[in-house]
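Please assemble the complex out of the two chains, which come individually in their own frames, going by the hints.
In the order they appear, the protein sequences are chains U and F. The first sequence maps to residues 1 to 112 in our numbering. The second sequence maps to residues 1 to 115 in our numbering.
Hints are not guaranteed to be accurate.
Calculated from the model, a selection of chain U residues having no Cβ within reach of chain F, i.e. all distances over 10 Å [to be verified]:
hint, residue
1, Ser27
2, Glu54
3, Ser73
4, Ala109
What follows is a list of derived Cβ distance ranges for each label pair [stated by the list, open to error]:
hint, chain 1, residue 1, chain 2, residue 2, range
5, F, Phe66, U, Glu38, 29 to 37 Å
6, U, Val50, F, Leu55, 31 to 39 Å
7, F, Arg81, U, Asn18, 45 to 53 Å
8, F, Gln83, U, Phe10, 34 to 42 Å
9, F, Lys14, U, Val55, 47 to 55 Å
For the record, the hints were derived by calculation from the structure and aren't laboratory data. By construction, the Cβ of each residue, glycine as well, lies at the ideal position given by its N, Cα and C atoms.
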Amino acid sequence: TQLLEQSPQFLSIQEGENLTVYCNSSSVFSSLQWYRQEPGEGPVLLVTVVTGGEVKKLKRLTFQFGDARKDSSLHITAAQPGDTGLYLCAGGRSGGYNKLIFGAGTRLAVHP
Amino acid sequence: GAGVSQSPRYKVAKRGQDVALRCDPISGHVSLFWYQQALGQGPEFLTYFQNEAQLDKSGLPSDRFFAERPEGSVSTLKIQRTQQEDSAVYLCASSSQAFSYNEQFFGPGTRLTVL
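If we strip away everything but chain F, and leave its shape as in the complex, we get (with noise of 0.2 Å):
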């Protein structure tokens, strides 16, 4: 396929759980996004990778959420000791280039829930 992908498509996990969740960005992508989207609201910017380089981290809610990208292609999204709060789609974004203005290509996300 040649879009993004994402898995698991859904994930449950108990409350004080660990998760980790994997984005396949479309191949040469320079940059890569995370967002969460909570139940009827809009994406929220999470972080974000160009090439293997976090350059920001600042939508990261706690420091129980860790990104890394260690060879500038899949991305992994680790939430550690998972809150009910957490539950939300996590989507990933990925552009070929650096640049203001060009275009995100989403995956379907991946559905967290937390009970």
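So here's chain U without its partners, still in its complex pose (with noise of 0.2 Å):
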């Protein structure tokens, strides 16, 4: 069963466009973190956002934390090759240790 539901599950644009992941949930969850995985390798934490309705930026990246704490979203401005990836979103629960639970991910692709 999974928990957090992303969109889309794959995206190829060009270079310079504008995109959107979401990620989606019927569950609470206490925060929100996207990682970015590249083949071969483990994820990379990009941010955690811990507020309804908070927003967070890094660079050319806005994350949004939804208002419920259910969903999340990605928005990528003027996309570059090197933001070629696997975006995955994890919610984590209250108290205790961080025990995440991942979507499964989206695939993007930016081409030249």
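This is the structure we're talking about:
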């Protein structure tokens, strides 16, 4: 059972285009993390959001946590080939250790 | 190296063989997680250690899976009598503290193929 649904599954765009990736759930999470994974490597953390409605910016990447803490989005402005990779969202529950529940990921390809 | 390392990077096993996957976390990290990532999927939680204590093993698929971290540093994930459905990438992650929101640092994974 995939508690976190990511869409789209695949995205192929040209350099310079904007894109948004979505992460949705029927469950409430105390935190939401976004990771990027390259082939043959483990996921690398991009951002953590913990407050409903929170918006964080990381250069050309904008992350938003839904008001009800059930969904999140990742927006990339002026995508570059270096943005190519698998983007994973992961929800955490409150209390104790950070046991993560991952979505299936969005595979992004940015073509020059 | 300062990151999480895993060995072997690739393992091919015949069905029924036992395998052992090793994880070297970042030195001093209290928390250690194991995840299983099937092809085209996100990682799925297997088990969690806080120092040497295995506090959560709710994600282990069957009693063929066993993990240990006897001295609170290196961890080993053992799979007995491997089956084809065990084929996946096994990721290890460590974190400096035991609290929520802490960043987990992932290793490169071990790709297990069961023939």
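Hints versus structure:
1. Ser27: About 15 Å separates U:Ser27 from the closest Cβ of chain F, which puts it past 10 Å; holds.
2. Glu54: holds (12 Å)
3. Ser73: The claim stands: U:Ser73 keeps its Cβ more than 10 Å from every Cβ of chain F (closest is about 17 Å).
4. Ala109: holds (15 Å)
5. F:Phe66 with U:Glu38: 29 to 37 Å: The hinted range 29 to 37 Å holds for F:Phe66 and U:Glu38, with Cβ atoms some 30 Å apart.
6. U:Val50 with F:Leu55: 31 to 39 Å: violated (22 Å)
7. F:Arg81 with U:Asn18: 45 to 53 Å: At 50 Å between Cβs, range holds.
8. F:Gln83 with U:Phe10: 34 to 42 Å: For U:Phe10 against F:Gln83, whose Cβ atoms are near 29 Å apart, the range 34 to 42 Å is violated.
9. F:Lys14 with U:Val55: 47 to 55 Å: The hint (47 to 55 Å, Cβ to Cβ) holds, given that F:Lys14 and U:Val55 are roughly 51 Å apart.
In summary, the structure is inconsistent with hints 6 and 8 from the numbered list given earlier, while agreeing with the others.
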